[in-house]
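Q: The chain contents come next:
Protein chains: 2
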Amino acid sequence: MESTDKRTAASTPASESALLHPAAAASAKYSALDFVLRVLLLAASVSAVVVMATSKQTEMVPVPGLPPNIRVPFSAEFNDSPAFIYFMAALSLTGLYSIITTLASISVFRKAKSILLLFALFDVVFVGIVASATGAAGGVAYIGLRGNDHVRWNKICNVYDKFCRHIGSSVALSLFAGVLLVFLSMISTFTLYKRIR
Amino acid sequence: MESTDKRTAASTPASESALLHPAAAASAKYSALDFVLRVLLLAASVSAVVVMATSKQTEMVPVPGLPPNIRVPFSAEFNDSPAFIYFMAALSLTGLYSIITTLASISVFRKAKSILLLFALFDVVFVGIVASATGAAGGVAYIGLRGNDHVRWNKICNVYDKFCRHIGSSVALSLFAGVLLVFLSMISTFTLYKRIR
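These protein sequences, in sequence, are chains A and B.
Using my numbering, read the first sequence as starting at 3 and increasing by one per residue.
Using my numbering, read the second sequence as starting at 3 and increasing by one per residue.
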């Protein structure tokens with residue numbers, strides 16, 4: 003009875019509320035799943051940012067032009083590469099977005115229709131942002147791991163092992179965040195679909 | 003009158019068909035836009051694949067270990083880099099997907115509801131695929147353009163100018179394809195939303 007009241011408050015014509023009852027139950031189930039996935043998304047994106055931010059590693063490396071027994075400390079950190087800087091910006095933004103949408107997800111029962119639409123629209127944009135950041139960081143990290151003989155780009159992961167472990171974990175976390183966003187977007191769309199059945 | 007018949011055939015209860023009339027008009031407008039964007043998506047993804055496939059360039063370059071006046075022909079082509087191979091696979095798949103969905107888009111009036119849902123669900127997946135491919139190829143291409151002094155990866159675009167122009171154009175086309183897919187996904191979602199107003 004309470005749920006019927008809420009539906010009526012959300013400007014649904016009273017004559018439709020009886021028809022929508024099974025849909026409302028399905029909607030509640032999807033909304034709980036939506037909330038859980040958004041909390042996971044927050045965890046994944048914040049972890050990805052933290053793991054990449056703490057990737058700095060300093061090693062003694064030989065310098066070309068000097069004798070090979072003379073080694074100089076050189077650092078590898080994420081802001082050596084524009085791809086990793088973009089990655090940090092994208093994943094931080096996703097973390098912020100996931101906080102906002104988690105809070106909005108709690109209030110989804112109150113004015114569900116418009117929030118579901120906003121979720122479905124913005125989730126797609128963030129799928130694009132997270133996927134492109136994952137691709138860019140992954141593409142550069144792969145060169146770091148394997149190098150590229152054709153253009154004589156040497157691999158660096160044999161020297162900067164900790165750095166590469168952090169970058170790899172961070173890319174894996176953002177891949178997970180991207181998959182979560184795809185599912186979240188699908189859930190929002192599917193809930194909208196359920197309403198018109 | 004004809005559109006009302008089609009709606010009734012698509013298992014919509016007869017009592018709702020009158021209510022859905024303005025929504026049906028809006029749906030027809032969005033469907034036309036959907037079709038045009040899908041044709042554009044096909045053009046963009048096929049162009050991106052063709053432009054990258056034709057990027058091969060052979061130049062005479064000095065080889066380390068030999069005297070600098072001795073130059074050897076070296077080719078740059080997209081399958082030197084795993085990121086570009088992934089890009090080709092992803093954009094080819096998107097081209098195939100856009101052919102299928104363009105054909106399905108023409109028949110959208112017949113059984114609109116389920117096709118709209120499929121479009122909305124799969125478009126999101128392809129947003130992820132195209133965005134990650136664009137990110138990966140863009141990230142590697144940027145190293146080719148500017149190099150990275152921190153890890154001594156030399157830029158190659160000063161030598162392989164035609165190759166880099168092709169790669170750059172191809173990445174720009176796939177970025178365009180990604181934006182198209184975001185809009186397509188939003189249109190599908192928004193059309194679903196219009197149905198429940």
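Some hints could be false.
To be verified - Covered by chain B, according to a simulated footprint, are these stretches of chain A (three or more residues, beta-carbon under 8 Å): (1) 119-131; (2) 135-146; (3) 150-163; (4) 189-195.
Unchecked claim - In silico DSSO-like links for lysine-lysine, alpha-carbon gap of 27 Å or less: (5) B:Lys58 - B:Lys157; (6) A:Lys58 - A:Lys164; (7) A:Lys157 - A:Lys31; (8) A:Lys157 - B:Lys58; (9) A:Lys157 - B:Lys157; (10) A:Lys196 - B:Lys58; (11) A:Lys196 - B:Lys157; (12) B:Lys196 - B:Lys115; (13) B:Lys58 - B:Lys196; (14) A:Lys115 - B:Lys157.
No wet-lab data here; the hints were simulated from the structure.
Owing to the predicted nature of the structure, the values given are computational and were not obtained by experimental measurement.
Beta carbons are placed, not taken as given, at the ideal position from N, Cα and C, and that holds for glycine.
Q: All hints, please: hold or fail.
A: Hints versus structure:
Judged by the Cβ-Cβ criterion of 8 Å, the region 119-131 of chain A is covered by chain B as claimed, because 9 of its residues qualify and three suffice. Counting residues of the region 135-146 of chain A whose beta-carbon sits less than 8 Å from any beta-carbon of chain B gives 11, enough to reach three: the coverage restraint holds. Only residues whose beta carbon comes within less than 8 Å of a beta carbon in chain B count, and the region 150-163 of chain A has 7; three or more means the coverage holds. With 5 residues having a beta carbon nearer than 8 Å to a beta carbon of chain B, the region 189-195 of chain A meets the requirement of three or more and the stated coverage holds.
With a C-alpha separation of about 17 Å, the suggested pairing of B:Lys58 with B:Lys157 holds against the 27 Å cut-off. Pair hint A:Lys58 plus A:Lys164 holds up; C-alpha atoms about 8 Å apart against a cutoff of 27 Å. Annotation: proposed proximity of A:Lys157 to A:Lys31 is violated, straight-line Cα distance about 48 Å (limit 27 Å). Our distance criterion of 27 Å between C-alpha atoms is met by A:Lys157 and B:Lys58, whose separation comes to about 24 Å.
Simply put, A:Lys157 and B:Lys157 have alpha-carbon atoms about 16 Å apart, close enough for the 27 Å limit, and the pair holds. Restraint check for A:Lys196 and B:Lys58: not satisfied, since their Cα atoms lie roughly 50 Å apart, outside the 27 Å limit. For the given pair, A:Lys196 sits about 53 Å from B:Lys157 by alpha-carbon distance, which is inconsistent with the 27 Å threshold. With a C-alpha separation of about 12 Å, the suggested pairing of B:Lys196 with B:Lys115 holds against the 27 Å cut-off.
For the proposed pair B:Lys58 and B:Lys196, the alpha carbon gap of about 48 Å is over 27 Å, so the pair is violated. A threshold of 27 Å between alpha carbons decides the hint, and for A:Lys115 with B:Lys157 the separation of about 51 Å lies outside it, so the pair is violated.
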